[in-house]
Amino acid sequence: MTNNTFLSADARAIDLKAKLFRGFADPSRLSIVEALREGALTVGEIAEEAGLSLSNTSNHLRCLAECGLVRSERDGRYVRYELSDERVAGLVALAEELPADIAGGVYACTRYDSGGTDETDAPQTKTQKETA
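So the sequence shown is numbered by my numbering: it starts at 1484 and just counts up by one.
By construction, these hints were calculated from the structure, which means they are not laboratory data. Heads up, none of these hints are tricks.
Result set (EDC-like, lysine to aspartate or glutamate): computed pairs, CA atoms no more than 20 Å apart in a straight line:
id, residue 1, residue 2
1, Lys-1502, Asp-1568
2, Lys-1502, Glu-1517
3, Lys-1500, Asp-1568
4, Lys-1500, Glu-1549
5, Lys-1502, Glu-1569
6, Lys-1500, Glu-1569
7, Lys-1502, Glu-1549
So the derived label-pair ranges between C-beta atoms look like this:
id, residue 1, residue 2, range
8, Ile-1585, Gly-1527, 30 to 38 Å
9, Arg-1557, Ala-1591, 38 to 46 Å
10, Arg-1560, Leu-1503, 26 to 34 Å
11, Glu-1556, Ala-1494, 28 to 36 Å
Beta carbons: idealized from backbone N, C-alpha and C, even for Gly.
Just need the whole structure built from these sequences, with the hints factored in.
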């Protein structure tokens, strides 16, 4: 095996991780994952919990299912969605546990904001509000 083979395998692994995190990158999808942390829900229940429209919820659920983050199961007339693995909820929980200094850096990061907005859209701390 050459180093190119190792690099190729590493590149594939990195690409796979990027796709996984892309599933979490959209606030709507993340709110759906948050709603599903408590257990299986129907599309209507997810939409209500996440504050999204039914069609928006369905579209994002399709994306999350294609990414392997959620799975569905028919329950009579309804389809219930749930997280595909308890570790998905663990990733979200881990993100909540990050120290405040790291979270501050996340708020300040505007380079990768898909909406093209800047850090003024990020929640402000009490100190930031007082100086604004």
